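Undergrad: Working from the sequences, and respecting the hints, build out all of it.
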Amino acid sequence: MDTKYTAKDFKSDQYVRWCPGCGDHAVVNTLQKAMAELGKAPHESVVISGIGCSSRLPYYMNTYGFHTIHGRGLAIATGVKTANPELAVWCITGDGDCLAIGGNHFIHAVRRNVNLNILLLNNQIYGLTKGQYSPTSEKGAVTKSSPFGTVEEPFIPAELTMGARGTFFARALDVDLPTSKDMMIAAANFKGAAVVEILQNCVIFNDGIHKWVSDKTFRAEKSIILEHGKPMIFGANKDKGIVLDGFNLKVVKIGENGITEKDLLVHDAKCEDNALHMKLAMMGKDEFPIAFGVIRAYDAPVYDEEVEAQVKDVQAKKKEHTLRDLLLSGETWEVK
Amino acid sequence: MSEKTSIIEKDKVVIRFSGDSGDGMQLVGTIFSNLSAIFGNEISTFPDYPAEIRAPQGTLGGVSGFQVHIGKGIYTPGDTCDVLIAMNPAALKTNAKYCKPGTVIIFDEDSFTQSDLDKADYKTANPFEEIGLTNVQLVGVPVETMVKSSLADMGLDNKSMLRSKNMFALGLVCWLFNRDLEPAIEMLRNKFGKKPSVLEANIKVLTDGYNYGNNIHASVSTYRIESGDAKQKGIYMDVNGNKAVSLGLVAAAEKAGLNLFLGSYPITPATDILHELSKLKALGVKTVQAEDEIAGICTAIGASFAGDLAATSTSGPGLALKSEAIGLAVMAEIPLVIIDVQRGGPSTGLPTKTEQTDLLQALYGRNGESPAVVMSATTPTDCFDMAFMASKIALEHMTPVILLTDAFIGNGSSAWRIPELSEYPEIKVPYVTDDMKEGWKPYKRNMDNMVRYKAIPGMEGFAHRLGGLEKDFDSSAISTHPGNHEKMTDTRQTKIDKIAYQIPLLEVTGSPEAKTLVVGWGGTKGHIYSAVEEVNASGKKVAFAHFNYINPLPLNTEEVLKAYDKVLVCEINNGQLAAYLRGKIPGVNILQFNRMEAQPFRVKDIVEAINKITEE
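Protein chains in written order, with the working numbering: chain A, 175 to 510; chain B, 41 to 656.
Among these hints, one or two may not hold up.
BS3-like, lysine-lysine: derived pairs with alpha carbons at most 30 Å apart [claimed, not checked]:
1) Lys273/B x Lys492/A
2) Lys178/A x Lys477/B
3) Lys459/A x Lys390/A
4) Lys234/B x Lys486/A
5) Lys477/B x Lys185/A
6) Lys235/B x Lys188/B
7) Lys481/B x Lys178/A
8) Lys390/A x Lys313/A
9) Lys468/B x Lys295/B
10) Lys235/B x Lys493/A
11) Lys178/A x Lys355/A
12) Lys273/B x Lys510/A
13) Lys459/A x Lys412/A
14) Lys624/B x Lys538/B
15) Lys321/B x Lys492/A
If you're looking for bench data, these hints aren't it; they were derived computationally from the structure.
Here the structure is a predicted model, which means the values were calculated and not measured.
TA: See below:
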């Protein structure tokens, strides 16, 4: 691993303006550490965002950065990466920015498989506009714009990503710094549109929304960290696991009913078929733990490189590389 | 050539091809225009096609037309036609308004059956009389019968045979205008080379159409059209405005030493720019067909931030969708070229028809005080020069530039001399230099022209953050300070105002003794110019000025306008430039001539308008 940079090299001189206790503080600090570890120079890195609390993040990074307009960060990032595939392009977005106003750009960036690292900070609320429900708020959520509870179903970001034929999806908790950092590094090392959902707490308008899993006293029982090639084990005592039961997943206890570690599912994040990835990503209700870690990482051709390759390919086949030469090779006539 | 057919010498003539939208009228019109250009004629074309790809066959809604004006001294596609080709009664009815006394009408007799007449809503048995075409020369030709017998031995089915009907018409017109068929056959080879049976059928029918004209001893005269003689030497090609815009962008990228990036979403009538640039990968052009209009401009903004010459192409409804992103480019001071090929509006409006109704949208259609450069192109070939200049201004002044063309010049074509790039000015991007590193901030600017310096990702020592939030003039950090906002607002405006020193002065032509000035902008130049010429030739004295640059206005605009008692502003809208000029330069007697037919002007209407105001 390249150690020529430290987190400090990625910190800008701007005062961080998020509310005290906001989950975004952890994300920016973790990102600076992850980028230092990755070793790509700050001036070869670009951080792009849309609008919302989380989208302020580029100002706090000592990289090239662009705080754009609501929902459009991914479209702008697509342009940056397509123009110059050499750059490391990070996108910071929230559940409103990414999945409501920017939903169209999100599904298309994912579908095209543009080589972007997309950090989707999901706090299930609009913070910057002071507390309206978002496209990820649970049905029934009582907010300023839904005083009697919402009557609409939320998006599950993982389901949407895979529905848009996404190649990479990972999930982490804002307060779980090591996993967050690992997921950022995994996203950066993956070629393609890498979506990392970070469950993030809004202390002001939606405090404790992820408490059911973030609370350390029962986090180990409520979550599983998936690792490619490793059996699916979880629980404070590492005594629970996931098995396949027909077409469905099932939680089992190791040692009960003759179940051993060998009976458990081994995570294959890299397969093309996303059926199991989808099932794993949808866990989190009843006895099922919510899945953190890299849920899907399927290698496929990436958009920006394909665009570049096509240009190079045509250039190699055609003799004419200036406008005038190209025009003279077409249909013309001479006036003498 | 038949001896019995006399030859008329003319210096210009207008031919209009019309038929079902599936009849291939655009193709034969284009081929005939190119043949004429190769022959040495000046050309101006006007494709006039319906929004529906295939309206029901034979109906009025499905008529597609292509008009070309050939000869010398050609500035417009012409108000009325000398020759009309009508492939069916619907085409005849729709295009009767373009005929004048003496117009030669070549029509397909075989498609004038009772059922054809019914489909086109004729009420009587004599279609020509019914629609008032009495003083014209009718040349009925059994095109369908002829095509079938021409292709009888080729083993084609009925439908395939009839696809070549347009070639018979083209052959006839080539005969009528004494055009050599060989270059036409060459063009067909280029187009249909990969489909030998289609190629063979088309060549056969084309040749038979020509011979038919030659053999029937039709009692019409054939034409010999004078070629333009003052033309500059060089290699020429035929371009329409959309193609010329595309090439102008490529030329600017080459001149600036940058890659060209286009982010775009298909929209009539601008889509050909996306098509054209997508073909030019050999020149390093990258195109992204985005998921929507907003992503079209946003990918371009991203590419510009990354260092490319970036553009987006659209039409009115798309410009509306892009307005927030244009505001971002204004705020972040990012170079960007936005091409708006205007069409009839509002809303979906008349997608395939022309209009000049986006001027105020381009100037003012954004939130906040959001000044951008607005300029326009006047002719298909001028689209090349203006796209080049739009790119130059955007890159050198770090600003979005909106270039307004329209469906008329976007689709219309004329002959264009392929230039050497050395004929065009240098483009100098205001990059940061190494000595600026110490204490550099992204909104540091050159105080002479107020342009900020450009650093692109990858440059060490210049990492910076841009954004849509207001920034402090000195520190470039986010600022809500009232005094600073006023200063930044003024700075952004001054930056645009100073561009006036870089653009040409407004040129005045026509009579030097005139008391009336006729004014226009954009794609109406040919028509207004022709009208002014005609009025001056009749002994009156009027002057003419046409705007390419609208924001900022040329430096001498006030001086020019104030020198006249009356200024007649001619526009295909309800007075948008007129309103703008009244606001910018109070105290000028501004009068208006406006048409809202979503069609190009007619020269005679402008002549009437000028005559009327000079008599008052």
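Undergrad: With reference to the structure, classify each hint as holding or not holding.
TA: Now the hints, each set against the structure:
no.: 1; hint: Lys273/B x Lys492/A; verdict: holds (28 Å)
no.: 2; hint: Lys178/A x Lys477/B; verdict: holds (22 Å)
no.: 3; hint: Lys459/A x Lys390/A; verdict: holds (18 Å)
no.: 4; hint: Lys234/B x Lys486/A; verdict: holds (26 Å)
no.: 5; hint: Lys477/B x Lys185/A; verdict: holds (18 Å)
no.: 6; hint: Lys235/B x Lys188/B; verdict: holds (20 Å)
no.: 7; hint: Lys481/B x Lys178/A; verdict: holds (25 Å)
no.: 8; hint: Lys390/A x Lys313/A; verdict: holds (26 Å)
no.: 9; hint: Lys468/B x Lys295/B; verdict: holds (9 Å)
no.: 10; hint: Lys235/B x Lys493/A; verdict: holds (26 Å)
no.: 11; hint: Lys178/A x Lys355/A; verdict: holds (18 Å)
no.: 12; hint: Lys273/B x Lys510/A; verdict: holds (5 Å)
no.: 13; hint: Lys459/A x Lys412/A; verdict: holds (19 Å)
no.: 14; hint: Lys624/B x Lys538/B; verdict: holds (16 Å)
no.: 15; hint: Lys321/B x Lys492/A; verdict: holds (10 Å)
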